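**Q** Use the sequences and the hints to build the structure in full.
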Amino acid sequence: MDARWRIFPDATALAEAAAEAIVAAIEASGDAPAICLTGGSTPRCVYDLLGREPWAARIPWPRVHWFVGDERFVPPSDERSNLGEARRLFLDRCAPKENIHAMRTDVPDVHAAARLYEVEVRNFSAARPAEMLFDLVLLGVGPDGHVASLFPGSAALSKQSRWVVGVDEAALAPFVPRVTLTLTTLSSCRRLLFMAEGAAKAPVLSRIAQGDDLPATRVTSRNGAVWLVDKDAAPPVDALGSRLILVMGVSGSGKTTIGGALAARIGWSFLDADDLHSDANKAKLRASVSLTDGDRAPWLLSIREELARRRSQGADVVIACSALKRRYRDVILPAFARSRIVHLRGDAALIASRLKKRLGHFMPPALLGDQLNILEDPTEDEHALVVDVDGAASTKVDFIAARLRPFIDAGRLESGSS
24 MDARWRIFPD ATALAEAAAE AIVAAIEASG DAPAICLTGG STPRCVYDLL GREPWAARIP
84 WPRVHWFVGD ERFVPPSDER SNLGEARRLF LDRCAPKENI HAMRTDVPDV HAAARLYEVE
144 VRNFSAARPA EMLFDLVLLG VGPDGHVASL FPGSAALSKQ SRWVVGVDEA ALAPFVPRVT
204 LTLTTLSSCR RLLFMAEGAA KAPVLSRIAQ GDDLPATRVT SRNGAVWLVD KDAAPPVDAL
264 GSRLILVMGV SGSGKTTIGG ALAARIGWSF LDADDLHSDA NKAKLRASVS LTDGDRAPWL
324 LSIREELARR RSQGADVVIA CSALKRRYRD VILPAFARSR IVHLRGDAAL IASRLKKRLG
384 HFMPPALLGD QLNILEDPTE DEHALVVDVD GAASTKVDFI AARLRPFIDA GRLESGSS
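Heads up, the sequence shown is in the working numbering, so the first residue is 24 and it goes up one at a time.
Hint data in this document are derived by calculation from the structure and do not stem from the laboratory. These figures come from a predicted structure and were not determined experimentally. Errors might be hidden in some of the hints.
Here are the computed lysine-lysine pairs in the DSBU-like style, where the Cα-Cα straight-line distance is at most 30 angstroms [stated by the list, open to error]:
#: 1; residue 1: K379; residue 2: K348
#: 2; residue 1: K348; residue 2: K307
#: 3; residue 1: K380; residue 2: K307
#: 4; residue 1: K380; residue 2: K305
#: 5; residue 1: K305; residue 2: K254
#: 6; residue 1: K379; residue 2: K305
#: 7; residue 1: K379; residue 2: K307
#: 8; residue 1: K380; residue 2: K348
**A** Structure (structure tokens):
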């Protein structure tokens, strides 16, 4: 589900919005609200607010359960302790002790601590009537895109059956062992709230807005993510606007079928570029005469104009277009600040057999060879997802949607926020 981005003028406004979101999640929950907290410097102001009016008076403290997404393997009194900081700022003063679910750091190692916390979390989940484990998960993001103690390239990212794991070596300071919830556990939530502030976070937030595959973009929730960021950390406004997925390939590769099905799956607008060919171009193709670059130039400009029109209306678009040459793609793609390419590629004989079965289309099978000859595969800097044309269309749509999920979920600037 699409993320929503909200930009605030300063850290104070950001903290107040986060405190309000946490309290609202508690008010909308059932009998035993469960909130998962995060560590780091950004949420400290939020924790201070939660223990003060007007937010504290709205929290039914005896009913709310507090967890933590990860913990450094240090004593609770250590200033590096994530939950220790939250306890000092508000939990020990406001919450019943039995409602504070801390990760143990007085056991032999992080793996023992992970096993104990997994038992505690599973038992809480089993006793809770709610479908989701948490009502809200609060997360920060590291400069490398890590969340909790799930670092890029870490084996912990693939632990789908585990709820909690130990991390022997942290990839960033402080370099102490960690205990962390897994992606599966963090994603078991109704609401997912990210916080980030400061210019140092701007590069990674731009990557997240572009849909890069990072730990932060792999966490999901039933209602999508909400990113609360200050103006110094925020990506450019254009980078939080509409998105484009170009499904390209030679005629007969399945662009229209797959592009249309993908658009329907993710709820985006769909454009078939073939519909924008001029009558003259269509007549030329029906006569088995290949189009020249001069023939294609007005067509490409009409595509770009239609895409710009849809972008101005706030639409995210999947377009099916042959886009055979790099310079064709360079005309189309700049209509959107955020775009991805899906290249449908496969056996020429299979594609030819499909063209022979296709009825009523202006593109004849005889021109397939010409298209293959001028096709310029996307280069490495275009970051295309290559998909084989063989197999069921539904399987390919599943694959594309899964691989492009961080981009599809990257989200938009919330209306009225800037």
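**Q** Now look at each hint and say whether the structure bears it out.
**A** Each hint, compared with the structure:
Straight-line distance between C-alpha atoms of K379 and K348 comes to about 24 angstroms, which keeps the hinted pair within the 30 angstroms bound. Between the alpha carbons of K348 and K307 the distance comes to roughly 20 angstroms, so the proposed pair stays at or under 30 angstroms and holds. Proposed proximity of K380 and K307 is supported: the alpha carbons are some 21 angstroms apart, at most 30 angstroms. Distance restraint check for K380 and K305: the Cα-Cα separation of roughly 19 angstroms lies within the 30 angstroms cut-off, and the hinted pair is therefore satisfied.
For the given pair, K305 sits about 49 angstroms from K254 by alpha-carbon distance, which is inconsistent with the 30 angstroms threshold. Proposed proximity of K379 and K305 is supported: the alpha carbons are some 18 angstroms apart, at most 30 angstroms. At most 30 angstroms may separate the alpha-carbon atoms for a hinted pair to count; K379 and K307 meet this at roughly 18 angstroms. Distance check on the hinted pair: K380 and K348 sit about 26 angstroms apart at the alpha-carbon level, within 30 angstroms; holds.
Hint violations for this structure: number 5 only, all remaining hints satisfied.
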